[in-house]
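Chemist: Now for the letters of each chain:
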Amino acid sequence: MAAKGLRLVIVGGGAAGISAASTTKAIAPETSVVLFSEYEDVAYSPCGIPFVHGREIPNFEALFLQSRQHYADVGIDLQLETRVTRVDLRERKVYVGSRAYEWDRLIIATGFDYERPDIAGSDLEGLHYVKNIRRAMEFDRLLEQIKKVVVVSASPLGIEMAGNLARRGLETHLVDESGWLMSEVADPDIMQPVEESLKSLGTKIHLGTKVLGFVGSNGKVKSVKTTTGELDCDVAVMATHKRPNNLLAREAGLEIGSTGGILVDDRMRTRVDGVYAAGDCVEVIHGGTELPVQGLSGSHAYSQGRVAAANAVGEQRSYDPVFIPWGMVGGDVHVGGVSLGETLHKMLGIPHFVAAATGISRARYYPGVTKVRVKLIVEPKTLRVTGAQMAGGEGIKERADFLGFALKRGATLEDFAWMENVYSPPIGALMEPIALAAQAGLTQVKQLRQA
Amino acid sequence: METGRKQSFAERLRMAAEKYLREAAEEEMIKRYGDACTRPFRSNGVVSVIIRRLAVPLFLRIPWSLRRQMILRASYPSGRRPDWSSWQKGLSLKASDQSESGQNSGAQA
Ligand SMILES: Cc1cc2nc3c(=O)[nH]c(=O)nc-3n(C[C@H](O)[C@H](O)[C@H](O)COP(=O)(O)OP(=O)(O)OC[C@H]3O[C@@H](n4cnc5c(N)ncnc54)[C@H](O)[C@@H]3O)c2cc1C
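Protein sequence lines, in the order shown, are assigned to chains A and B. The numbering of the first sequence is the working numbering, which starts it at 1 and goes up by one. The numbering of the second sequence is the working numbering, which starts it at 1 and goes up by one.
Hints listed in this document are in silico derivations from the structure and should not be mistaken for laboratory results. Be aware that one or more of the hints could be misleading.
With a straight-line Cα cutoff of 25 Å, these simulated DSS-like cross-link-like pairs (lysine-lysine) come out [claimed, not checked]: (1) K31/B with K225/A; (2) K6/B with K199/A; (3) K19/B with K93/A; (4) K242/A with K19/B; (5) K31/B with K210/A; (6) K6/B with K220/A.
Just so you know, these numbers come straight off a predicted model, no measurement behind them.
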């Protein structure tokens, strides 16, 4: 248990930082907690921002989960719009300019930054990075006055923004160098329905297209120069790669891993006694390959913040290696998966084969039924499933969560082929699509063995 | 210990390896799922071409178990990997503490 009068300083007010602060107060209320954030607000859901722009959610206020007063009431000292400029690990102080704050335990939760391309015009006004909710509110007002948007990078955020802006009626272009949407994590066959859905909403998709620079007039962006031509725009949404914001940690002398994330163990401890780190600024271990990975999701950041806080105040908790269930809606299509997809298996050269099938989400006669495509990636010797990807109209998130859990327990093709499942016409079909994919995989194996 | 702002060699190596290995994987995926793909943009500098034609195929010939060890070694140049073994020892203690459950911490996810 925490010593009385323990002083905890948290740098970062995102999912990791705020969950660390709340967990500390829940476990060890006597701990003094000071939380610093560069932003004006904490406790809002940035994940909802694209959907407010798309008018799926009526206003930004709906994204706030707690008031500042709540944190004051539970005894968390929020230092907002306050940038920590230096961490001194020997003196055990953080600095805001020349002002020092002492700590007994420190949690670094400085999150991520978007990659800023080093190309002409990247300092022009009108290049918008979606993160801070206040900037998003201003951007939303600007959207009222403009017509054309270019979204740079078909990342998960790029796809959400492109779909929502097109839905709002803006002329929307989505530009990406690679050969399919979200190629860094997803497979082309899985993303094809998303591409079609975005197109049906009016998004113009430019794949295989590199952004060369931004062209401005009076300091404002007016077009985006690409390898396949120039695209006129009033604003550019920069949905570029997420990078760990490790500046403070690196300058303090904390060890940084090959992913750029701060090195932590499974208690979220750095190598310096009393110093913890959590969220998008750290690297964690991938459960399937045991390789370090970085830049996961808000739900990972949230759990890591809780684990860091529990350990900081004297409990013993560990954070398991990750299998990364993920899911999202692109256009009107749900996609998701777990662990590595087929592309990433090929990228690492991991032996595998693919078992796939298309099933349905409800009874075939039930209104609203949609197709569900499931693709399992399988280790040939043991038939252990090492990854999965899915696309459909509903039920993808739940399948991704289930598969994440099952893969962590080492489930095989046999396990899934003979799994029990819910059958209820409005919510589930007799044949579970995951089981169908596994059965198809077993048939393949049998044929191969016979041959 | 890592200091300063600059990226370490391990970081630069991983970024470059990811880029070229991903490109190679994309080429294979294009062969398999051509209808769902567009020709990706590729930079064509001399170094890129050499890495694509020589380094990547050689690297992918190494058996996965050995390759995995190589990646792990390159990931921790100091040789000191943080301890992540609790879950294998069955020691990982899940966040099941009642004092936390039901508490709306207002996280941002
Ligand atoms: C638009 C958008 C959509 C998203 N959609 C999803 C989604 O659908 N699903 C999902 O799971 N996740 C989503 N996320 C979450 C995201 O991908 C991250 O995983 C998550 O934000 C990581 O949380 P974090 O606390 O580690 O860091 P961040 O959210 O990056 O927070 C970092 C915090 O550190 C502060 N900070 C940094 N440096 C300093 C300093 N020197 N001094 C003081 N404060 C500092 C910042 O002010 C900020 O409060 C979304 C995020 C955004 C922005």
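Chemist: None of the hints should be skipped; say for each whether it holds.
Modeler: Here's how the hints hold up against the structure:
no.: 1; hint: K31/B with K225/A; verdict: 29 Å, violated
no.: 2; hint: K6/B with K199/A; verdict: 41 Å, violated
no.: 3; hint: K19/B with K93/A; verdict: 39 Å, violated
no.: 4; hint: K242/A with K19/B; verdict: 15 Å, holds
no.: 5; hint: K31/B with K210/A; verdict: 22 Å, holds
no.: 6; hint: K6/B with K220/A; verdict: 31 Å, violated
Of the numbered hints stated above, those contradicted by the structure are hints 1, 2, 3, 6, listed in ascending order.
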